[in-house]
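Number of protein chains: 2
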Amino acid sequence: MTPFKLTEELLQEIAELIDARKDDDLRDLMKEVHFADVAEIANELNEEQATYLIKLLDSDKTSDVLTELDEDVREAILNNLSSKEIAEELAELDTDDAADIIAELPKEIVQEVISEIEDREHARHIVDLLRYDENSAGGLMAKELVKVNENWTVLRCVKEMRAQAENVTRVHSIYVVDDEDKLKGRLSLKDLLTTSTTNPIKDVYIPQVDFVNVNEKPEEVAKIMSKYDLEAIPVVDEIGRLVGRITIDDIVDVIREEAEKDYQLAAGISQDVEADDSIWILTRARLPWLFLGLLGGLGAAAIMGGFEEMISKHAILFFFTPLIAAMAGNVGVQSSAIIVQGLANDDLKGSIGNRLIKEMFLALLNGFVLAVVLLFFTWFWKGTFVTALAISISLITVIVVAGIIGTFTPLFLHKRGIDPAIATGPFITTSNDIFGILIYFTIAKLLLGI
Amino acid sequence: MTPFKLTEELLQEIAELIDARKDDDLRDLMKEVHFADVAEIANELNEEQATYLIKLLDSDKTSDVLTELDEDVREAILNNLSSKEIAEELAELDTDDAADIIAELPKEIVQEVISEIEDREHARHIVDLLRYDENSAGGLMAKELVKVNENWTVLRCVKEMRAQAENVTRVHSIYVVDDEDKLKGRLSLKDLLTTSTTNPIKDVYIPQVDFVNVNEKPEEVAKIMSKYDLEAIPVVDEIGRLVGRITIDDIVDVIREEAEKDYQLAAGISQDVEADDSIWILTRARLPWLFLGLLGGLGAAAIMGGFEEMISKHAILFFFTPLIAAMAGNVGVQSSAIIVQGLANDDLKGSIGNRLIKEMFLALLNGFVLAVVLLFFTWFWKGTFVTALAISISLITVIVVAGIIGTFTPLFLHKRGIDPAIATGPFITTSNDIFGILIYFTIAKLLLGI
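Quick mapping for you: the protein sequence lines, in order, are chains A and B.
Residues 1 to 450 (the UniProt record's numbering) are what the first sequence spells out, left to right.
Residues 1 to 450 (the UniProt record's numbering) are what the second sequence spells out, left to right.
Please keep in mind that the hints were generated in silico from the structure rather than gathered at the bench.
Among the hints, erroneous ones may be present.
Subject to a maximum C-alpha distance of 25 Å in a straight line, what follows is the list of computed DSS-like cross-link-like pairs (lysine-lysine) [to be verified]: (1) A:223 / B:61; (2) A:159 / A:182; (3) B:61 / A:184; (4) B:61 / A:227; (5) A:184 / B:31; (6) A:31 / B:184; (7) A:61 / B:227; (8) A:159 / B:159; (9) A:313 / B:382; (10) A:31 / B:223; (11) B:202 / A:31; (12) A:5 / B:217; (13) A:147 / A:159; (14) A:415 / A:445; (15) B:61 / B:217; (16) B:349 / A:261; (17) B:227 / A:223; (18) B:5 / A:227; (19) A:202 / B:31; (20) B:5 / A:349; (21) A:223 / B:5; (22) B:261 / A:223; (23) B:382 / A:445; (24) A:5 / B:382; (25) B:415 / A:5; (26) B:5 / A:217; (27) B:223 / A:5; (28) A:349 / B:261; (29) A:261 / B:223; (30) A:261 / B:261.
Since we're looking at a predicted model, the values are computed, not measured.
Put together the whole structure using the sequences plus the hints.
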């Protein structure tokens, strides 16, 4: 399969067909194009063209296109559709995707759109989903699932299941509930292919079933599903009633977003931004961290101002401040990144004390190797062994302290319930810059006896 | 579902049961424990205990446990098992997991282990898989899949499918092939539940099917599967024959590893290390980047040495070198991270030139705001407006240059086929440190006329 590639020529051709209103040619051209690729095309068209394309194609395709569009493009297109047209799109979508789109609509029209949905059960399900916090299992789940009552026979179960399966894109598992809708267990599709139809469900279902609570955090759901290799997980409410189902494709997005967020925080970018966002959005995401860096730099300048009297005798010390600051920052970022990743994957065992001792040895080892190189360089360059020794000893000390700060900070934040990912990047770099320079000049002053 | 939590007490209890050889109690205790959790337990036991536990439990459970173990623990346990015992474990696994384990075994025993596998077809499949590069679709795929011939009737298809489904944990899709085993299309399970059994397959299958080539890179497979929301994708060889299938759970691991690798590179950690690795492994992963940082620092020191004559008149300039270096590093990391992420997600459009112009405006805007703050701080602190102005103008210039380097480098590396993720982190920080300080002192010299 050669992945679809959106070329300038294709985009041009589509835009021209739209402008010339060549509806049949357009429909023909788009027939074989996957909805995710139609979304890619619509993202690049202007608002009027994109809206025309969405209105032209069948809603069983365009509904999926809508879920894949960039948020601003979707908003613009939905603005140009009537409530009835939006309702037709939502009718084609799974309840979770439909609820996500409704949550983005202006409040005034939500009620009208919902009232235009012909399938009243679908509408009820969507309304149910709107109540859940976006950042919870309830906010991720869909209402589409196949469930059977434990008191049914396999025969009745197969019949009911066929009817339900009509509305469910991917079946995965058949969930078994009791008369109060409480989740009791599951039936696999494979069992169904091989079991005789005369058995009662009670005797054939598997009582062991993984599930999550509606209030569970998406990251936790992702951890459970990927640890236990699940492709779908049922969601229950506070009293154990089956209320929905989360499938792995939604969780893939959670994993990706989580990883991207940590990466962006480490790089000093807050908010979820992309390269194609406006300069204004990018500035809002980047400037606060740069400002933090500026404050750190001003702090470092102030500290160095306090050691100004050393400049006449030991100017060389000042030449090495960028080196000391950079090493403190690098070591801090390295050690914090390893801890943050360990916390994210839930595979940190043992006490904080042991971690700090290990990091200390690690930093001592790294610091020693680097300090020897620095010692010889400085000694040969400027010829004063004592100064070179003072700078090298400072480097080891700074690396050890930076490693300890880098290890301790994320562990501490995690203990206090704060996302440790903020501890990597500019935050740790800046504080390590200041500590590093303070330690450096203090040690130099002590050793050189100024 | 409350996720399983491995406590010290539970671990203690299990270790004691093993040491006292209380087999029945152990079996009872472990019966309800998921294999992924048994692996967590075995990772924490000593080698002798872990081996005992694996030998005690049924191989339909322990085979899955083996796939989840830490690599070093698995190696130790397999060392203590006979070829026959290993073969029994492999017999229970899907071909892809079995091949992964065989690839880790010492060469001398591979042949013996394979000859001990009773199911000869299973053994043949495993041997087939060993031929593929680990870093390709072929290395990810399993041989387990359900396929039917286009010339069969639906009735025969259902029969054959039932037999095949016995060996396939999750069916997902039924693939349709011709007499030469070439992939023609697919049947959905849902279709199967609702189609009459008298039709020939030729008339009912869906000819549109996504697939990947055996040589496709895992990252590309991940992109295709997550873009098109696929839960499984068939793999074909160079002449279009269906040779295997990749399922989404393997791809979740690829996505996670990819994200972690980029994050670690950005943090200056090469190789795939974890917090629990040995100090030696961690040093090997961290020291090279620190050494790069050291070289950068030495370069910065040498540059500053070249401006030594300025120190008597404008000592204040030297106080701001950490600030300049830090800002250059931060801006570089921010802009490169956004580009790296955009490249990873395949959503960068437009030319390199446009990106650089955008980044220049962005950097100018951010730089201007920060420079104004710096100007007033320096002016009030040291009272010389011209020096303060020189430092501030340098800051803006350095930020713009750092932003351009940060944007250009990953785009350039990507064009040359090199992983752009190495451009974030220490690499960009170090080069920006040097450029930043060089620009800073040059501009200061020009403006202050020394």
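Which hint numbers does the structure go against, in order from smallest to largest?
14, 15, 24
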